[in-house]
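Peer 1: So the chains spell out like this:
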Amino acid sequence: MPSWAPLAALVVVVGLIVLHLAVRSTRTWVWKVLTGLGSLMLVALVYFGLFWAPPEAFMSDVGRIIYVHVPFVWMCMLAFTVNVGAALAYLFKKSWRTDALAESSAEVGVFFGATGVLMGSIWARPTWGVWWDWDPRLISTTVMLLVYVGYLAFRSFTEDPERRAAWSAAAAILGYVSLPITWFSVQWWNSLHQRQSGSGTMDKPIRVVYFWGAVSFLTFLFVFIVKRYEIARARQTGALELPPLEAPKGQVTT
Amino acid sequence: MQSQPPAIEIDDISKRFGSRWAVSRLSFTLPAGRSLLLTGHNGSGKTTLLRMIATATFPTAGKISIFGHETREKRELLRHDVALLSHASYLYEDLTAAQNLTLLARFLGVDDSKKQVAELLERIGLTERADSPVRQFSAGMRKRLSIARLLMKAPKLALFDEPFGELDPAGILQMENLLKELQGKGVTIVLATHLIEQGQSLTQERLHLDQGRKETP
Amino acid sequence: MQSQPPAIEIDDISKRFGSRWAVSRLSFTLPAGRSLLLTGHNGSGKTTLLRMIATATFPTAGKISIFGHETREKRELLRHDVALLSHASYLYEDLTAAQNLTLLARFLGVDDSKKQVAELLERIGLTERADSPVRQFSAGMRKRLSIARLLMKAPKLALFDEPFGELDPAGILQMENLLKELQGKGVTIVLATHLIEQGQSLTQERLHLDQGRKETP
Amino acid sequence: MSVGPRVPLLKAAWLVLLKDWQIEWRTRARLTALIFFALSTLLLFSFAMGPDTDALRRHAPGYLWLALFFASVLSLGESFRIESENQALLGLILNPVEPRAIFLGKVFGNASLLFGLSLLLLPVAVALYDIELSKAPGSLLLVLLLGSIGISAPGIVYSAISANARARDVMLPLLLFPVLVPLLLASVNATRFCLGPDAQNQLPSWLKLLTAFDLIYLSVGFLLFPKVAEED
Amino acid sequence: MSVGPRVPLLKAAWLVLLKDWQIEWRTRARLTALIFFALSTLLLFSFAMGPDTDALRRHAPGYLWLALFFASVLSLGESFRIESENQALLGLILNPVEPRAIFLGKVFGNASLLFGLSLLLLPVAVALYDIELSKAPGSLLLVLLLGSIGISAPGIVYSAISANARARDVMLPLLLFPVLVPLLLASVNATRFCLGPDAQNQLPSWLKLLTAFDLIYLSVGFLLFPKVAEED
Ligand code: HEM
Ligand SMILES: Nc1ncnc2c1ncn2[C@@H]1O[C@H](COP(=O)(O)OP(=O)(O)OP(=O)(O)O)[C@@H](O)[C@H]1O
Ligand SMILES: Nc1ncnc2c1ncn2[C@@H]1O[C@H](COP(=O)(O)OP(=O)(O)OP(=O)(O)O)[C@@H](O)[C@H]1O
Ligand SMILES: [Mg+2]
Ligand SMILES: [Mg+2]
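Chains as they are written, first to last, in my numbering: chain V, 1 to 254; chain F, 255 to 471; chain Y, 472 to 688; chain P, 689 to 920; chain S, 921 to 1152.
One chain only, chain V, in its complex shape (with noise of 0.2 Å):
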């Protein structure tokens, strides 16, 4: 693969998310067109991930994990701050759109970054022999995960829409905030100590690749969102009218 590939397929993704968010009228179909050519980056990564690239230089193939380990905490991080962004918006001007993105984004977020944990975590058991290590990476982004679950919980067990959407932005912003703070104390912390982290320097080809399956994942990161999204919007949708000017006839009244 060359290696401006993973770039001019940014370049592509980006535009047709911009296209969707710009034009109506192109969210009939954008939508598709990003899964197809998401299925389609995704059958090159495996390509290029299990058969272009050479095996990692410690770790031989297993380590082959990384183009999708990595690429879906990215995703995952990316989904939050689209969280926090919509928790915000919401916090200056109520809106149902908002707190629909907001909850889709968390979601979507969670299912991600579990998702790239859990691949960590499998990839840990062959190379260090142990499902977890106290590493600062793990840790931060256990937590991260952690605060977002407690966030959904939240959101669940809270029944009136209105004060659910109020009191869940102001959770994902205190739960945001925490993350950079969680990043750097867990990486301080541990650094003290004076351990090694699991990461080493990349050949060129590997970083390419990798960059290649976090655009792929891009697009799925996206599409799921927004398809979230649409279900989230699909269930206010009775919150969304206002009652008949006049009672509804045939109706008993006590």
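Don't take each hint at face value.
As the list claims (entries may be wrong) - Which stretches of chain P does chain Y cover? Using the computed rule of at least three CB atoms under 8 Å from a CB of chain Y, they are:
#	region
1	695–704
2	710–716
3	884–898
As the list claims (entries may be wrong) - Listed next, the in silico PhoX-like pairs over lysine-lysine satisfying Cα-Cα at most 20 Å (straight line):
#	chain 1	residue 1	chain 2	residue 2
4	V	Lys-94	F	Lys-317
5	F	Lys-317	F	Lys-328
6	F	Lys-368	V	Lys-93
7	F	Lys-410	F	Lys-328
8	Y	Lys-545	P	Lys-915
9	F	Lys-468	F	Lys-317
10	P	Lys-823	Y	Lys-585
11	F	Lys-328	S	Lys-1147
12	S	Lys-1055	F	Lys-368
13	S	Lys-931	V	Lys-93
Because the hints were derived from the structure by calculation, they are not lab data.
Just so it is clear, CB atoms sit at the ideal spot from N, CA and C, and this is done for glycine as well.
Using the hints provided, position chains F, Y, P and S with the ligands relative to the given structure of chain V.
Peer 2: Chains F, Y, P and S with the ligands in isolation, oriented as in the chain V frame:
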């Protein structure tokens, strides 16, 4: 002199709980200086409407203006002038009657809080029980204390949600006199009650709700 | 036929909360087959007395006998036949109206609980809201559901603590009819209310409390 | 006049348990939140101790049981919070439901909740503390079950007491924890011998202690509960 | 028509704090029970770990902070339990009291409670875990103070949220604990360097992290609180 804004202006409000509309497309104007009787069967939305007027909650759609100020925007301003006597008493169970009132007086910035608390307790007939925690009060005693809270605030708009409930005959009489007295002082009154005759003798306007909609009774 | 024991026999009871006597040296007998109106100003001990009769709490001194059974000793027996409609609703907020009633029916061992629950909900006018959790109910709707609970139990002695409060005019009428109907079926009624005239038209005996003591009204 | 309870004790206990599950199911919050709470407690332990894999593995039984303990405080409190709104517990007793049926229903409801929770925590403990479960899985399950009952039996009595007292939430641990110390010792040690070497075959004696603890508190609680649940 | 708050923000916050202390004083249960709870947690840790004096001493800062954490869940929950009876919080807001004054009053009320609790726990930790307090007592106090504020600032926001949600008691840790992980790390490490050797002079950087954490959450909470305390 400029024409006064209406005391309450309800502009096509609706209030939803979950998927159920407690108040639907309600519009109503209460002119300044008049008082309102709010009636309706159980669950028709009286309490919900009063809570919205008191800025305790806000309409899902539509607007309410009190003395010309929109409730959502001007809530901080309005809360100085609107008081609500509700099903919920807003009392701290572990504080005594006197402490509950003193607390309110301090937050209101009342100067001679001690004197005023004593006067109010006298008025509602709880002087003897001033130092009992509210947890030990009977239903009627709690109601009386809530009335004292409302009086302490000296509002321009006073909302009463079933004020006669739980009061003994002497208390009901006192309540009626209080409502008249407040109106005499120029306080706007909204009274939600199921005792329609009593209510009508105390108010000038009437709003009857049926499943959250305005109805002619 | 043996002479029937009195429905309620109160023998010099007193009830203390902390250092305060809510009921003091009270004696009273309600003959079988008659019903009682309980009145008194706020805090005079009506609720406390009803709770003692219902075996929810017990006198500090003295004894109460219901149908000839002492409450403290025979509480398990009496609880099958005494029901109390109280300030507290005893409802589970997170269960729906239907679930609350079904639960009670199961504990009572009622056979056709489904049918009976449906009938009772119809009777109190909550069929439409059968599947809403009680947390979302208005004050009057809760009261109606509490009444259904009492009816489900089909007690021999029914205690009503301010049953008219929070009910709308239709509900009050229904309540009055209910009280008459129960008496017609031979159920002994004790009715504590501040609406004295209404109460007197529904009962034969009267007990007026003043600071926990019997007084002639 | 009808005589005696219309519904037998065990049936009533079962109905109480069903009712709690019904409320649980409607709100769904407690179970999920408990699981989550216990998981984050396990994580917090390891954070607080620092990256010391060896110590973590050695102390894993202790952490596991402490997480269950703290979760039980929440679960027991919640168990009577639902009864204290609208004085529902009194309503139940006047229903009439025998207080002892309420005791049994609530103890087994809580114990099954805690037992389920402990089963969920096991794989997490494996991942976090790197322990081995395969040594004596049967005994391990038994220890978890006995421990769950042992927490619930006195816990329900104390929870009923403190549900009426003011500052309910904080009273419960005040009363419960000292009583539970022997249980904790027994469970932690029994779990340790289920997970690691048991040279002197100490497991059976700890199991005996656990069983005795359960039986004592079940019977004492059964006898005492009516006194605490209703006025006298 | 009168304009703006009649009582300035800080005065109102002070009144809220005084009110909470007044209720506290009347019931007295919370403080006593909190102390007791934290003490038994410290004890439970040593029981759960077994007789391993060395490990105990090494992990003492962790145990101390975990005890404070679990105590804080109770204390924060209680803080809004008193406001949820009779909808007192709404009454306060309609009074009118600015929600931000409530936030400030409650945060500093809770922080002072936790700080006082931590001071009480120190001698107990000395007795149980055999630690030395005399190395950097000033910094230690600072760490305890900053930690107490750091728990309270986000804690009050979450507690206000979960006070209205169902299953209040279990909801709070669910939201709060993950957010507090960095605080736990920073406090435990700072305490460790206050109690033991600090060869690389790491204490200042942990103190900086703690301060940053407090400032961030105080300001974010201050801005967010009105949105969660009242309907919109
Ligand atoms: C043999 C085991 C593992 C190896 C060799 C490994 C390697 C890597 C590498 C090389 C990266 C990219 C680093 C970089 O961008 O600088 C990475 C990222 C990451 N790994 Fe792993 N990993 C392993 C296991 C795990 C496990 C078990 C987890 C979680 C349970 C995990 C979670 C993460 C996360 C969250 C990232 C993203 C961090 C980021 O770059 O932003 N990894 N891993
Ligand atoms: N928090 C809530 N959640 C869901 N529904 C609610 C809530 N509060 C009120 N409702 C519903 O809104 C409707 C109106 O309730 P409201 O309390 O305003 O009635 P009301 O007129 O005051 O009745 P009452 O005379 O019984 O006091 C009812 O159907 C009720 O079930
Ligand atoms: N749990 C309690 N602790 C302390 N005192 C109590 C308690 N319950 C009631 N009291 C006191 O007992 C007295 C009688 O109260 P009770 O509730 O029986 O009055 P009531 O006649 O029902 O009044 P109301 O008409 O207001 O309902 C009151 O002085 C009250 O303060
Ligand atoms: Mg109402
Ligand atoms: Mg009463």
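Peer 1: Run every hint past the structure and note whether it holds.
Peer 2: Hints, verified against the model:
no. : hint                   : result
1   : 695–704                : holds (count 3)
2   : 710–716                : holds (count 4)
3   : 884–898                : violated (count 0)
4   : V:Lys-94 - F:Lys-317   : holds (15 Å)
5   : F:Lys-317 - F:Lys-328  : holds (12 Å)
6   : F:Lys-368 - V:Lys-93   : violated (44 Å)
7   : F:Lys-410 - F:Lys-328  : holds (15 Å)
8   : Y:Lys-545 - P:Lys-915  : holds (15 Å)
9   : F:Lys-468 - F:Lys-317  : holds (16 Å)
10  : P:Lys-823 - Y:Lys-585  : violated (51 Å)
11  : F:Lys-328 - S:Lys-1147 : holds (15 Å)
12  : S:Lys-1055 - F:Lys-368 : violated (51 Å)
13  : S:Lys-931 - V:Lys-93   : violated (31 Å)
Of the hints listed earlier, those the structure fails to meet are numbers 3, 6, 10, 12, 13, in rising order.
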